[in-house]
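S.K.: So the chains spell out like this:
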Amino acid sequence: MGTYLLRNLLQRLVLLFIVSVIAHAVVHLAPGEPSEVDPSNPRMKPEDVAKIRAAFHLDKPLYAQYGYWMRDLFTGELKSFKDSQPVLPKIGRRFLNSLPLFIGATLIVWTLSFPVGIRAALHRGSGYDRSTTFVAYALISIPGFFLSYLAILGVVGFFGVPVIGMRTFGIQDATPVYQIMDRFWHLAIPSLMSALGGIAVLSRYVRSQMLEVMGQDYVRTARAKGLDEDTVIYRHALRNALLPFITMFGFMLPALIGGSVIFEQIFAWPGLGRLGYEAILSRDFPVILTINFIAAALTLAGTFLSDVLYAVADPRIRLE
Amino acid sequence: MSAQAVASVHAQRPLAESPGRQFWRVFKRDRLAMAGLVVLALLLGIALAGKALTAWVPAFDPATVRLVDKLRPPLSPVSNLVAPAERPLGSIYVLGTDDLGRDVAARMLQGASVSLLIGFVAVGIAMTIGVLLGGLAGYYGGVRLGVVTVDTLIMRFTDVMLCFPTFFLILTVVALLPPSIYNIMIVIGVTSWMGAARFVRAEFLSLRSQDFVVAAQALGLPEWRIIFRHMLPNAMSPLLVSATISVADAILTESALSFLGFGVQPPFATWGNVLADGKDYIFDAPWLFFIPGFAILAVVLAFNLAGEGLREALNPKLRSR
Chain A
1 MGTYLLRNLL QRLVLLFIVS VIAHAVVHLA PGEPSEVDPS NPRMKPEDVA
51 KIRAAFHLDK PLYAQYGYWM RDLFTGELKS FKDSQPVLPK IGRRFLNSLP
101 LFIGATLIVW TLSFPVGIRA ALHRGSGYDR STTFVAYALI SIPGFFLSYL
151 AILGVVGFFG VPVIGMRTFG IQDATPVYQI MDRFWHLAIP SLMSALGGIA
201 VLSRYVRSQM LEVMGQDYVR TARAKGLDED TVIYRHALRN ALLPFITMFG
251 FMLPALIGGS VIFEQIFAWP GLGRLGYEAI LSRDFPVILT INFIAAALTL
301 AGTFLSDVLY AVADPRIRLE
Chain B
1 MSAQAVASVH AQRPLAESPG RQFWRVFKRD RLAMAGLVVL ALLLGIALAG
51 KALTAWVPAF DPATVRLVDK LRPPLSPVSN LVAPAERPLG SIYVLGTDDL
101 GRDVAARMLQ GASVSLLIGF VAVGIAMTIG VLLGGLAGYY GGVRLGVVTV
151 DTLIMRFTDV MLCFPTFFLI LTVVALLPPS IYNIMIVIGV TSWMGAARFV
201 RAEFLSLRSQ DFVVAAQALG LPEWRIIFRH MLPNAMSPLL VSATISVADA
251 ILTESALSFL GFGVQPPFAT WGNVLADGKD YIFDAPWLFF IPGFAILAVV
301 LAFNLAGEGL REALNPKLRS R
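Residue numbers (this note's numbering), protein chains in the order written: chain A, 1 to 320; chain B, 1 to 321.
Some hints could be false.
[Stated by the list, open to error] Some, not all, of what chain B presents toward chain A, calculated at C-beta under 8 angstroms:
#1 153
#2 156
#3 252
#4 256
#5 279
#6 281
#7 293
Keep in mind the hints are simulated off the structure, nothing from the lab. This one's a predicted model, so the numbers in the text were calculated from it and none came from an experiment. We treat Cβ as the ideally placed atom computed from N, Cα and C, and that holds for glycine.
All chains, full assembly: derive it from the sequences and hints.
M.R.: See the structure below:
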């Protein structure tokens with residue numbers, strides 16, 4: 001077990017290294033440098049451009065630039081090209097803003113998908129099954145920003161609460177309860193919107209997993225023993241059906257971070273995705289690369305954790 | 001033999017049914033999938049007709065700007081000030097006009113073919129890479145290159161690609177490259193082959209040990225022939241399903257890119273950028289937002305439902321039922 005974990009961890013570190021090399025190469029090899037953001041500006045003389053390039057190490061060979069990036073990243077010295085602010089605290093603040101969104105979306109996905117999927121599996125072919133199937137497909141087929149705009153219109157129109165941004169401005173004097181409710185309202189729609197795709201995919205997966213398990217011999221045995229239906233479903237079937245979902249946890253992370261670009265942009269949420277978008281617009285390479293690096297590290301950590309949890313949850317699996 | 005007798009023979013011997021017919025019988029039973037297929041057939045017709053009409057018929061030119069007729073709601077008549085050559089068919093804006101007085105119907109017609117093209121080319125690229133890498137890993141997986149096997153090399157690379165937040169990566173590359181419709185297709189294709197590679201490898205691993213492949217190898221057939229003529233057709237059905245669903249994803253990705261301003265640039269109209277432009281007029285001209293939105297929903301839904309129907313109909317476990 002110990003050696004397996006160690007080897008797995010090492011493999012993941014190698015993967016992370018390769019991810020960072022590829023990301024670095026892609027960003028630097030693509031045409032368009034930070035020094036060229038404003039090429040038509042007559043005040044930019046060639047010597048100025050050369051000065052900028054030297055300051056950002058852009059005149060060095062690619063591997064040297066990678067070395068500088070890694071060195072600065074791990075010593076915490078990495079500065080944004082755009083405003084010379086240290087990158088890590090900048091990303092840290094934005095990440096803390098995104099965190100409630102990620103947690104909210106994850107909670108919604110996992111608490112809604114299971115009941116819906118299980119019920120659809122138990123009543124296979126019923127009206128409920130067919131309509132949830134259709135709704136699930138509709139949800140993954142609708143452009144996220146289209147649905148979000150409809151949701152904003154609906155919420156603002158029917159409930160009269162503002163939903164753009166993280167909080168309403170100018171309510172510092174309101175009661176704490178009011179402020180907390182305000183935060184929840186602002187959180188609810190964006191996290192629901194980022195969750196919808198996940199709900200659709202996961203509930204379909206829960207359904208097929210439950211169908212698979214319900215056909216197994218041990219479920220028939222449990223029924224033959226005369227156990228009541230709830231025990232059969234929730235203790236014998238569901239517990240076995242749950243296993244594959246441990247691995248889903250790690251894999252849903254990159255989608256969440258990638259998707260946050262769109263949803264944070266729509267809801268003006270000052271989070272990680274929006275920071276990434278702004279960095280892309282201004283060709284702020286250190287920020288782009290570091291966000292990508294952190295996302296990859298989180299994904300690898302997530303899949304590592306789910307590998308370990310899988311072994312803990314399923315005694316049939318031995319890590320060797 | 002009378003038709004009835006033929007039918008009864010078929011009823012007794014369902015195994016004699018050809019695979020294609022069997023597939024069709026199962027597929028037809030799934031009403032949602034059939035609806036999806038009908039929508040897709042319609043869409044293909046619209047896209048082809050749209051391509052021809054917008055290119056050759058001046059009444060359908062999506063780039064005609066009529067500033068006197070801007071933001072007209074659907075079904076409104078053309079104003080008298082518009083020159084006869086610039087009038088849409090029947091002198092009525094069937095789907096209204098946008099902020100420059102361009103005919104939304106013509107733009108949607110042009111967009112249908114561009115959106116479909118993006119979906120198909122991107123998925124074509126993704127599937128080609130997926131089949132090549134997955135096939136290599138599945139067939140030559142055991143070959144060692146120095147310290148690592150081919151399988152380790154390819155599958156670890158796939159893992160690397162899965163670590164990227166895909167949309168963020170696409171956005172980064174599209175934003176850095178000069179804006180062009182081809183770059184968008186290529187970037188979407190190059191970042192979405194991982195699923196295909198994984199299951200082609202899995203299929204190949206299980207096919208490799210099957211008797212017909214062993215027999216082909218014993219006959220001394222060249223390896224490319226075994227791979228492309230014997231193994232690949234057997235791995236085709238999951239590929240087809242995944243391709244159908246990936247087209248849907250590519251269309252959605254394009255619309256999301258358009259929303260952020262990195263989609264297909266004018267003068268090309270795609271449903272994604274018609275929708276993205278329309279969002280600014282959601283109160284003044286809601287049709288600019290709702291028409292492309294629901295069009296994308298319908299088409300992507302059709303791709304997803306047809307893909308799911310294919311999955312069911314191609315699954316041998318479900319066929320006999």
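S.K.: The structure should be examined with respect to each hint, and the outcome stated for every one.
M.R.: Checked hints:
no. : hint : in the structure
1   : 153  : 11 angstroms, violated
2   : 156  : 7 angstroms, holds
3   : 252  : 6 angstroms, holds
4   : 256  : 5 angstroms, holds
5   : 279  : 6 angstroms, holds
6   : 281  : 12 angstroms, violated
7   : 293  : 4 angstroms, holds
Violated hints, listed in ascending order, are 1 and 6; each of the other numbered hints is respected by the structure.
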